[in-house]
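Undergrad: Residues per chain, in single letters:
There are 2 protein chains.
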Amino acid sequence: MDSTQIALDVMGGDSAPHSTLVGALQACEGEGARRLPPERLLLVGDEPRIREELERIGATREGPVPDLAVRHASQAVAMDESPSSALRSKPDSSIAVCVGAVKSGEAAAMVSMGNTGAVVGSATLGLRTLTGVRRPGIAVTLGFTGRRVTLLDMGANIDPKPEHLLQYGLMGAVFARECLDVLAPRIGLLNIGEEASKGTSLLKSAHGLLEASRLDFVGNVEGGDLFGGIADVVVTDGFTGNVVLKLLESTSALMIDLVLGELRANGVDPDPAALQSLERKVDYSEVGGALLLGVAGVVVIGHGRSDANAVANALCLAGRALDAGVNTSIEEGVERAAREGVA
Amino acid sequence: MDSTQIALDVMGGDSAPHSTLVGALQACEGEGARRLPPERLLLVGDEPRIREELERIGATREGPVPDLAVRHASQAVAMDESPSSALRSKPDSSIAVCVGAVKSGEAAAMVSMGNTGAVVGSATLGLRTLTGVRRPGIAVTLGFTGRRVTLLDMGANIDPKPEHLLQYGLMGAVFARECLDVLAPRIGLLNIGEEASKGTSLLKSAHGLLEASRLDFVGNVEGGDLFGGIADVVVTDGFTGNVVLKLLESTSALMIDLVLGELRANGVDPDPAALQSLERKVDYSEVGGALLLGVAGVVVIGHGRSDANAVANALCLAGRALDAGVNTSIEEGVERAAREGVA
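As given, the protein sequences belong to chains A and B, one line each in that order.
Letter by letter, the first sequence follows residues 92 to 434 of our numbering.
Letter by letter, the second sequence follows residues 92 to 434 of our numbering.
No wet-lab data here; the hints were simulated from the structure.
Among the hints, erroneous ones may be present.
For chains that are exact copies, the list does not tell them apart, and a pair is met inside one copy or across any two.
[Stated by the list, open to error] Below, in silico cross-link-like pairs of lysine to aspartate or glutamate (EDC-like), each with a Cα-Cα straight-line distance of 16 Å or less:
#1 295 - 250
#2 289 - 250
#3 181 - 431
#4 337 - 272
#5 194 - 183
#6 295 - 138
#7 289 - 172
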């Protein structure tokens with residue numbers, strides 16, 4: 092029987108290791124789909140620090156802290172460190188040890204809130220791609236004002252070929268169906284007009300491939316229609332995806348500032364609970380994080396700002412992707428498309 | 092002496108011809124930089140309809156309607172019409188007649204709130220490019236929450252070469268200096284990381300050219316830093332620019348909905364004046380519209396939703412670009428860069 096363990100990069104994230112450990116404990120104590128048995132967790136990082144922090148957390152809690160497996164990693168990648176230099180100079184970083192655990196089969200998934208570039212680089216180099224998959228892609232599910240859409244690739248592949256975009260459609264559809272409860276995912280292609288003839292030659296070719304596939308391809312989706320409910324999954328190159336993601340992130344922050352400013356100008360001092368609900372409306376990380384799809388292993392990348400709740404969500408997302416057999420479904424889908432001559 | 096006339100496409104825009112004509116009258120009656128002498132205006136469109144509408148407007152006003160020159164155009168391009176088919180099938184559209192007036196030298200500028208694709212297509216095909224300019228680009232000034240940045244190209248050139256991006260930097264700098272009062276414009280390159288080595292090969296080459304130029308090049312600007320005050324002008328390819336523009340436009344609308352929802356949930360019914368100030372905070376058309384830079388003539392493209400005030404702004408922007416000699420400065424800048432071996 093294959094491992095079903097999930098390696099957690101305890102050292103990654105702005106408030107690590109505290110928030111990552113509290114998040115891990117939350118995941119162990121959640122209910123239903125939000126629960127992960129403690130024996131499925133593998134904590135990766137500076138072991139003495141992890142033990143010490145767990146003890147501190149335990150002192151403030153009712154009931155015992157569950158016994159969690161710990162794997163020591165002597166190094167940690169800083170959030171603002173250059174990913175390429177971190178990959179070279181820190182072979183024993185918590186990120187590298189997580190990737191190693193997945194590579195060796197000791198774990199089946201990894202979750203990190205750390206340096207995104209280092210996680211993507213380390214996992215892309217360290218893990219083989221799934222059978223038939225040409226290039227991994229990062230899928231992010233944006234929940235802007237409650238309209239959920241999964242966008243990929245968000246930066247793993249900035250100069251893709253048409254076949255890569257087709258495979259992003261296939262992988263995104265599997266993810267939306269298995270992890271987001273979208274029964275029949277509609278796939279769109281980010282473009283600058285609705286007609287098939289629009290866009291660069293890359294996009295025209297990708298449009299043809301997506302149309303010839305078995306996917307429920309709804310055609311081109313313009314920037315203004317991303318949250319229009321037209322598609323559940325929108326495919327794009329990693330350059331555009333990265334620009335869009337970072338733009339939306341900063342816009343969300345401006346948006347909340349604007350709402351707060353207007354509320355205060357109107358003499359309203361919103362209570363913290365209302366504020367949280369507001370943040371959730373523009374929070375793209377509510378589903379738990381981004382997935383690096385296409386590699387042999389489940390890799391969930393959370394935002395560096397993740398709090399304990401977001402860490403718990405990310406762990407549960409990894410568990411769900413594993414239990415649903417997302418990667419097996421991706422390999423089957425890619426194999427079928429190849430057999431049918433689409434890609 | 093060259094013409095200083097501005098041709099206004101009276102038929103373009105969601106509430107044309109009413110709002111375009113009221114906007115024209117507003118521009119004639121403004122003060123200082125917001126005033127355009129009536130003799131500089133050339134109204135282009137269905138002449139009987141224009142006369143009739145001007146009479147109707149005159150009946151509701153104090154004082155006489157100034158005498159404005161009218162040029163008849165027997166056709167009009169619908170907002171949702173395919174630009175390419177409109178270009179072929181409507182040679183006497185108000186857009187085509189405006190372009191013709193600029194081409195013949197009868198007017199020096201044109202302003203349209205009509206079908207953007209048709210305006211760009213018609214002006215690009217109908218007007219020669221400025222001496223030395225390789226490809227025109229669309230510059231849009233975004234005023235998101237008060238932080239102003241000019242972005243180009245927004246869709247005229249979806250597959251540019253590095254030299255095009257350099258020229259967009261040169262043209263954007265002239266525009267920001269002459270039309271937006273930015274004394275020393277800082278130029279950035281939209282990219283997915285700060286380092287010069289980031290991005291596609293197009294962007295790496297463009298980075299080198301911009302760095303070698305006399306521009307105040309501040310390097311790469313990431314999607315999340317677009318409104319961070321790092322650069323006054325940000326250069327990008329027309330595909331990414333178009334996606335970003337449409338995304339921001341839809342996000343602005345979501346943003347206002349979100350603010351209103353929160354205000355109402357808190358028992359506040361904002362008065363219309365507060366609402367207007369809110370809309371201005373996220374309104375990218377406050378400066379009057381987009382400019383198609385690089386063609387022989389000043390071409391201002393306003394948003395289809397423009398009200399009379401926005402039309403007046405667009406007319407005054409065209410007047411300002413003309414009076415400041417933006418196109419002469421662009422030709423000088425491009426010529427100097429060529430002489431110095433940069434492009």
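Undergrad: Which numbered hints are broken by the structure, listed smallest first?
TA: Violated hints: 3, 4 and 6; rest satisfied.
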